[in-house]
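Which chain is which? The protein sequence lines are A and B, in order. Going by my numbering, the first sequence opens with residue 77, and the numbers climb by one from there. Going by my numbering, the second sequence opens with residue 6, and the numbers climb by one from there.
Hints in this document: simulated from the structure, not taken from any laboratory. Glycine residues also receive a C-beta, built at the ideal position from the N, C-alpha and C atoms. Among these hints, one or two may not hold up.
To be verified - Over 12 angstroms on every C-beta distance to chain B, these chain A residues come out as not near it, computed from the model:
| no. | residue |
| --- | --- |
| 1 | 78 |
| 2 | 79 |
| 3 | 82 |
| 4 | 84 |
| 5 | 85 |
| 6 | 86 |
| 7 | 87 |
| 8 | 89 |
| 9 | 95 |
| 10 | 97 |
| 11 | 98 |
| 12 | 103 |
| 13 | 110 |
| 14 | 120 |
| 15 | 123 |
| 16 | 125 |
As the list claims (entries may be wrong) - Distance condition first, Cα-Cα at most 30 angstroms in a straight line; then the derived DSS-like pairs of lysine-lysine:
| no. | chain 1 | residue 1 | chain 2 | residue 2 |
| --- | --- | --- | --- | --- |
| 17 | A | 144 | B | 118 |
| 18 | B | 128 | A | 81 |
| 19 | A | 131 | B | 110 |
| 20 | B | 186 | A | 131 |
| 21 | B | 46 | B | 118 |
| 22 | A | 103 | A | 144 |
| 23 | B | 147 | A | 138 |
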Amino acid sequence: MNKTKQKLNEDIKRLVIERLRKIPSGKKISIGGEGNFTPQELIVRVEKNDEIGQKIVEIQMKFLQSFKEGLLFNE
Amino acid sequence: MNKILLVTRPQHDETTNYLYYWSGQVIEEAKKRNFEVLDLKGTKANAKDFAGRLKKVNPGLLFFNGHGNSDSIAGHDDEILVSLDKNEKLLKDKIIYALSCSSAKNLGRSAIKNGAKSFIGYKEDFVFMSEDNKSTRPTEDKTAKLFFEPSNLVVTALIKGNSTLEAYNRSQEKFKQNLRKLLTSESPQEDRTPIPLLMWDMSNQSCLGDNNAKV
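Let the hints inform the model, and build the full structure from the sequences given.
What follows is the structure in structure tokens.
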């Protein structure tokens with residue numbers, strides 16, 4: 077992996093972790109058959125870059141992408 | 006098509022517990038509309054009972070709740086109820102809503118090829134946010150409601166006589182309503198955190214087969 081791509085991936089991870097930190101305590105996220113996770117558990121998974129972490133990054137990035145594409149407001 | 010609804014709703018972990026309780030609201034609505042409901046709940050959500058009821062009673066509408074993947078839908082303790090090589094033929098002529106991860110990807114497409122009328126499901130994991138202190142009373146969980154209300158609308162719209170496309174559109178519109186509600190400036194910041202998850206479910210919900218099929 078070249079340094080530019082590595083830097084981009086690290087920036088994305090940091091962005092997703094910041095977004096996860098905004099989830100109030102007392103909330104859980106269910107990810108299909110993988111189970112239920114607290115925001116703190118998800119932050120650890122994103123840092124580890126395991127399957128769950130990658131899924132959360134994908135969900136958050138798809139959301140950010142949707143603004144660019146106008147998915148929500150285009151009827 | 007007959008007015009018989011078959012529901013599978015296992016209850017063996019936290020996620021299936023939420024699906025169990027929220028699907029109960031659909032069952033109540035179906036009964037009000039004079040549907041016969043075959044409720045395969047808890048341990049009854051097993052492959053033997055599932056296949057037996059389908060063969061014996063032949064319900065027109067199936068509502069799956071439970072874990073799954075792109076090739077299969079599971080019941081109690083994750084026993085496979087239907088997959089690409091198990092019980093798939095039993096889906097012939099049915100209208101199906103699967104609140105089960107990723108099942109629209111392969112199983113849904115295959116079911117349509119093999120004669121199912123319509124299959125509404127999700128191409129990826131169905132995700133939701135919930136409140137820890139509501140885990141014993143899932144239907145009182147306002148955060149989870151953001152996800153399960155649009156989901157339930159698929160089946161309630163179908164039992165009210167809407168076509169599969171209309172039911173899908175109503176569900177999509179409810180997802181959008183909930184998203185807009187959270188995006189309004191009046192919402193406190195903490196309430197916005199479910200948005201990416203709602204967006205994910207909305208965009209992965211898929212309607213396959215005959216768009217005009219009705220129960």
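Closest CB of chain B to the CB of residue 95 of chain A still more than 12 angstroms away | Violated, since 8 angstroms does not exceed 12 angstroms.
CA of residue 46 of chain B to CA of residue 118 of chain B, is that 30 angstroms or under?
-> Distance ~29 angstroms between residue 46 of chain B and residue 118 of chain B Cα, so the pair holds.
With 12 angstroms as the threshold, tell me whether residue 79 of chain A passes as away from chain B on beta-carbon distances.
-> 29 angstroms, holds
Taking the shortest Cβ-to-Cβ distance between residue 97 of chain A and chain B, state whether it exceeds 12 angstroms.
-> 10 angstroms, violated
Residue 125 of chain A remote from chain B - nearest C-beta pair above 12 angstroms = 18 angstroms, holds
Say whether it holds or is violated: residue 85 of chain A keeps its Cβ farther than 12 angstroms from all Cβ of chain B.
-> Residue 85 of chain A is indeed farther than 12 angstroms from all Cβ atoms of chain B, at 19 angstroms.
Given as non-interface: residue 120 of chain A, which should sit over 12 angstroms from chain B by C-beta = Non-interface label stands for residue 120 of chain A: nearest chain B Cβ at 18 angstroms, farther than 12 angstroms.
Pair hint residue 103 of chain A and residue 144 of chain A, alpha-carbon separation not exceeding 30 angstroms | Holds, at roughly 28 angstroms.
Mind verifying the non-interface call on residue 86 of chain A? Its CB should be farther than 12 angstroms from each CB in chain B.
-> 20 angstroms, holds
Confirm or reject the statement that residue 98 of chain A sits farther than 12 angstroms, beta carbon to beta carbon, from all of chain B.
-> The claim breaks: residue 98 of chain A does not keep its Cβ more than 12 angstroms from every Cβ of chain B (closest is about 6 angstroms).
12 angstroms cut-off, C-beta based - residue 87 of chain A kept clear of every residue in chain B | 18 angstroms, holds
Residue 186 of chain B paired with residue 131 of chain A [C-alpha distance capped at 30 angstroms] = Roughly 25 angstroms separates the two Cα atoms, so the pair holds.
This entry does not satisfy hints 9, 10, 11, 12, 13 and 17, going by the numbered hints stated previously.
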